[in-house]
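Based on the provided sequences and hints, a complete structural model is requested.
Residue numbering for the sequence shown follows our numbering, starting at 1 and increasing by one per position.
Keep in mind that a hint or two might mislead.
Said to hold, decoys possible - Subject to a maximum C-alpha distance of 30 Å in a straight line, what follows is the list of computed DSBU-like cross-link-like pairs (lysine-lysine): (1) K89 <-> K219; (2) K36 <-> K68; (3) K169 <-> K36; (4) K89 <-> K36; (5) K36 <-> K219; (6) K189 <-> K89; (7) K25 <-> K15; (8) K154 <-> K142; (9) K68 <-> K152; (10) K154 <-> K89; (11) K151 <-> K189; (12) K68 <-> K15; (13) K68 <-> K219; (14) K89 <-> K142.
Source of the hints: derived by calculation from the structure; they are not laboratory data.
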Amino acid sequence: LGSALTLVRSDVIAKMSAAARIYNKDGLDVYDRPIKDHNYVMVCDTAKGVGGDFSSFSVVDITSVPYKQVAKYRDNQISPMLYPSVIYKVATEYNNAYVLMEINSSEQVSSILYSEMEYENILFVNRSTDGQVVSGGFGGGKTQLGVNTDKKVKRIGCMNFKALVEEGKLLVQDIDTIAEISTFIENNKGSYEADEGYHDDLVMTLVLFGWLSTNPYFKDLNDVNLRHIMYENQMKMIEDELTPFGFLNDGRGDQDRSEEHTSELQ
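Written out as structure tokens, the structure is:
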């Protein structure tokens with residue numbers, strides 16, 4: 001598995017092991033069911049649905065580190081008109097996951113998902129002369145319904161994805177994704193892509209996740225849950241410190257009151 005040209009070191013790839021699927025149907029493989037109060041990100045890649053490249057997505061549990069790939073989908077026959085329905089159903093199941101769309105070919109899928117299906121947790125991207133930044137739909141520059149994978153985004157994504165995997169901060173559970181990682185190699189232009197005869201649609205969803213995780217907005221995706229945990233921890237600490245604290249009787253109470261009464265009489 002792997003070679004000197006692979007993005008991820010070959011010894012790391014050799015130690016990767018696929019988990020057992022708990023659900024498998026029509027291109028969707030599920031490895032972990034949704035967990036209440038967990039936060040999920042779905043990164044989607046879009047193809048034309050004519051038997052070439054795959055439309056694919058990875059669902060990643062971002063509640064805590066290490067992040068974990070919990071489901072994946074890929075299909076090279078699905079129409080861009082039908083793909084939003086698959087995204088909507090799976091994203092809704094995973095606690096209304098935050099969805100980052102790749103829009104290199106067009107914004108058709110993300111537009112249908114947002115405008116027609118009214119899915120709210122789509123991650124907007126602001127594009128300016130400084131590059132692309134994930135946002136909540138506000139800020140300067142042009143606002144897009146997804147990210148355009150340009151050279152800068154891909155370079156940052158590749159380097160961060162490599163670091164996450166090699167440092168054990170991102171667990172890849174899907175066998176097809178692991179296979180793509182082992183054939184994701186450096187080309188003669190210094191960038192990375194699938195080796196000849198292979199695909200990289202799944203690994204690119206995780207490369208885009210790597211880019212997403214470098215954005216300041218990524219830290220805000222867990223804020224609600226983080227505030228809740230901090231509040232509970234603080235309340236528990238206060239309760240532990242203050243109750244039960246009891247009363248201390250040093251035997252001086254009656255004597256003090258007696259002295260006060262004698263003083264008043266005088």
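Here is how each hint holds up against the structure:
Proximity of K89 to K219 is assessed by CA-CA distance (about 25 Å); at most 30 Å being required, the pair is judged to hold. Distance hint between K36 and K68 is fulfilled; the C-alpha atoms sit about 16 Å from each other, no more than 30 Å. Among the hinted pairs, K169 with K36 is consistent with the structure: their alpha-carbon atoms are about 22 Å apart, no more than 30 Å. For the suggested pair K89 and K36, the alpha carbons sit about 17 Å apart, so the restraint of at most 30 Å is met.
In summary, the hint linking K36 to K219 is supported, as the alpha carbons are separated by about 20 Å, within the 30 Å threshold. Between K189 and K89, the direct Cα distance comes to roughly 39 Å. Violation of the 30 Å bound is thereby established for this hinted pair. For the proposed pair K25 and K15, the alpha carbon gap of about 27 Å is at most 30 Å, so the pair holds. Pair hint K154 plus K142 holds up; C-alpha atoms about 20 Å apart against a cutoff of 30 Å.
Between the alpha carbons of K68 and K152 the distance comes to roughly 25 Å, so the proposed pair stays at or under 30 Å and holds. At most 30 Å may separate the alpha-carbon atoms for a hinted pair to count; K154 and K89 meet this at roughly 28 Å. Using a Cα cut-off of 30 Å, the hinted pair K151 and K189 holds, with the two alpha carbons roughly 11 Å apart. Between the alpha carbons of K68 and K15 the distance comes to roughly 16 Å, so the proposed pair stays at or under 30 Å and holds.
For the suggested pair K68 and K219, the alpha carbons sit about 16 Å apart, so the restraint of at most 30 Å is met. Annotation: proposed proximity of K89 to K142 holds, straight-line Cα distance about 29 Å (limit 30 Å).
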